[in-house]
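Protein sequence lines, in the order shown, are assigned to chains S and W.
FYI, the working numbering numbers position 208 of the first sequence as 208, with every residue one higher than the one before it.
FYI, the working numbering numbers position 239 of the second sequence as 239, with every residue one higher than the one before it.
Incorrect hints may appear among the rest.
Dumping the calculated BS3-like pairs for lysine-lysine here, alpha-carbon to alpha-carbon at most 27 Å [said to hold, decoys possible]: (1) W:Lys-289 / S:Lys-52; (2) S:Lys-78 / W:Lys-134; (3) W:Lys-229 / S:Lys-59; (4) S:Lys-105 / S:Lys-123; (5) W:Lys-131 / S:Lys-38; (6) S:Lys-80 / W:Lys-72; (7) W:Lys-164 / S:Lys-59; (8) S:Lys-38 / W:Lys-71; (9) W:Lys-229 / S:Lys-175; (10) W:Lys-105 / S:Lys-52; (11) S:Lys-42 / W:Lys-72; (12) W:Lys-131 / S:Lys-52; (13) S:Lys-41 / W:Lys-237; (14) W:Lys-105 / S:Lys-128.
To spell it out: a stretch of chain S is covered by chain W in this simulated footprint if at least three of its residues, at any positions, have a beta carbon under 8 Å from a beta carbon of chain W; those stretches are [said to hold, decoys possible]: (15) 50-56; (16) 150-158; (17) 203-209.
No lab work stands behind these hints, which were simulated from the structure alone.
Ideal placement from N, C-alpha and C gives every residue a C-beta, glycine not left out.
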Amino acid sequence: MKFNITFITIILSIFLLGCKQQESEIQHLANVEYAYTKMDKKIQAIDSTLDKIIAPYRKEMGSEMQQEIGIIEEDLVKRKPNSNMGNWFADILEDEAKVVFPDIKIDFAFQNYGGLRVPVMAKGPITKGDIFELMPFDNTLIASKIGQKEMQQLMDRIANYGGWPISRSLSFEIKDSLAVNIKLNGKSISEQDSFMVALPDYVANGGDDCEFLKGKIFRNSGRFIRDIVIEHIERDAKIDQIQFVDHTERITTNQ
Amino acid sequence: MKRRDFIKYTSNASGLLFVNSAFPSWMYNPEFTHLTILHTNDMHSRIDPFPNDGGRNSGLGGVTKRAAMIKKIRAEEENILLLDAGDIFQGTPYFNFFGGEVEIKLMEEMGYDVATIGNHDFDGGIENLVKQMKHGSFDIVNSNYNVEDNALSTLIKKYVIKEKAGLKIGIFGLGIELESLVPESLYETTIYLDPIKQANKTAAHLKKEENCDLVICLSHLGYKYKGGKISDVSLAKQTRNIDIILGGHTHTFLQKPDLISDLDDQQVVINQAGWAGIMLGRLDLVFEKNKPGACTTCKNLLIGE
């Protein structure tokens, strides 16, 4: 018995000694303070070393990105379920899909919400750089042929998200996060067996939770959506046409 | 005396004490070690400030401003870590034209220490990511992407340990699920592993085996979601041994960092600094040497009671 107690004491001593040495080295977090510094006009100082690094790249991009390609007369704001930015963009996709795929009868077009990367595009001149920032991805325009089942899945996906930009030919209601009362040019979709949809290749390949669209590609234009939109705006500008924005509510919420 | 006040106050607040200012003078006590963490996330190739077009973000951001601010803080504070939580790439023509080269060169110039990768850092493909990162010498960490079978294996470290002011700081990264978010042709054979499992494994290693004083997770999972999707907040609740999560992906502007209790009922600091370099996030940390008999495995914030 006595042996046991002595043994335990020795072990404990070694343990405590060991701990003490280790403890004196280890530190613990005792206090945290925080700050967020906004990079706004109040900050005057700039680091010119970085400007020197950027300069040659800026020069190489040249004035191309500053080039004014057209005019918009209202601030385009990205919102769910509908927004003027979403309507404007999706309508360009529908119109341009008809040009890019002249032999295909496109029913409607859509753009996934996350594909548009700026919350606001200010009114006034539109630069090429604005469109690069709005649509930076090298996504190509696709025509996919889908059946009734995929059509409902796609609309439900859009409804579940709270709305994506859809073109003027399409409308539906969101009810309990599902799409109901889906209409194409005012007619129920039950009148059609298949649908030709214009969309970005990212989604056509199953991206943004659209796995059901995989394998439904009818034709890939091979052309970047960004370039298509730039050309659309440039074409309008040539005939002194400002960008047209349709404000109709395509997606309504029925909560 | 003053130190005692501080500890008492902290205890009364039953946890970490947040003060929205730089270190108060009484904290400059030889018993305390200071570490300043500067952090960004979702820079999205925003090199120049947003254009002055009257829009919401008009004139905000800009890398030359941020660099000047970082230089100023470096002149004021001795121990600084500069970290980024991913999505360095994509969003301005700089990326379309140069594939990320400018972004990385600028981060290198600013002296970034460690970054993790976000989904958009895959946008130019794996080879491009590896190529562009050669313009920088900072570490890229991620512990939940299995990249054994592709070129990223030469770039990504599971974690790094940085030593500052006698502190050992373990830093690891977590990335978001790539399937359905990034085209497979871009992420190739990268396999997404359960972030909770990997975080627990990596953080335990850093705390217990490497004896790190602080464990930081650079996360590109996103701040918080309505459903069951893994986020920084749900990660904190389901892990142990992580002290700080610096997040990204959701472009969240927080009013103050979050404090979430982990599996051991220890508090985890969660922070995020918006996006596009509009904000520079800053955490000023104070460390105290552990006392004999005090808990050495936990943060031990109630020491002194």
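Tested hints:
1. Between W:Lys-289 and S:Lys-52 the alpha-carbon distance is near 44 Å, which puts this suggested pair outside the 27 Å criterion.
2. Between S:Lys-78 and W:Lys-134, the direct Cα distance comes to roughly 36 Å. Violation of the 27 Å bound is thereby established for this hinted pair.
3. Restraint check for W:Lys-229 and S:Lys-59: the C-alpha separation of about 43 Å exceeds 27 Å, so the hint is violated.
4. Straight-line distance between C-alpha atoms of S:Lys-105 and S:Lys-123 comes to about 33 Å, which puts the hinted pair past the 27 Å bound.
5. Our distance criterion of 27 Å between C-alpha atoms is broken by W:Lys-131 and S:Lys-38, whose separation comes to about 32 Å.
6. Between S:Lys-80 and W:Lys-72 the alpha-carbon distance is near 41 Å, which puts this suggested pair outside the 27 Å criterion.
7. Taken as a hint, the W:Lys-164 and S:Lys-59 pair is broken in the structure, with Cα atoms around 40 Å apart against an allowance of 27 Å.
8. For the given pair, S:Lys-38 sits about 16 Å from W:Lys-71 by alpha-carbon distance, which is consistent with the 27 Å threshold.
9. Restraint check for W:Lys-229 and S:Lys-175: the C-alpha separation of about 23 Å stays at or below 27 Å, so the hint holds.
10. With a C-alpha separation of about 11 Å, the suggested pair W:Lys-105 and S:Lys-52 falls inside the 27 Å cut-off, and the hint holds.
11. Simply put, S:Lys-42 and W:Lys-72 have alpha-carbon atoms about 15 Å apart, close enough for the 27 Å limit, and the pair holds.
12. Distance hint between W:Lys-131 and S:Lys-52 is fulfilled; the C-alpha atoms sit about 22 Å from each other, no more than 27 Å.
13. At roughly 39 Å between alpha-carbon atoms, S:Lys-41 and W:Lys-237 are farther apart than 27 Å, so this suggested pair is violated.
14. This hinted pair checks out: W:Lys-105 and S:Lys-128 have alpha carbons roughly 25 Å apart, not beyond 27 Å.
15. Residue count for the segment 50-56 of chain S with a Cβ under 8 Å from a Cβ of chain W: 4. That meets the three needed, and the coverage hint holds.
16. Chain W is given as covering the segment 150-158 of chain S, and this is violated because 0 residues of the stretch bring a CB closer than 8 Å to a CB of that chain, at least three being needed.
17. Requiring three or more residues with a Cβ within less than 8 Å of a Cβ of chain W, the coverage given for the segment 203-209 of chain S holds, as 5 such residues are present.
Checked against the numbered hints above, the structure breaks hints 1, 2, 3, 4, 5, 6, 7, 13 and 16 and satisfies the rest.
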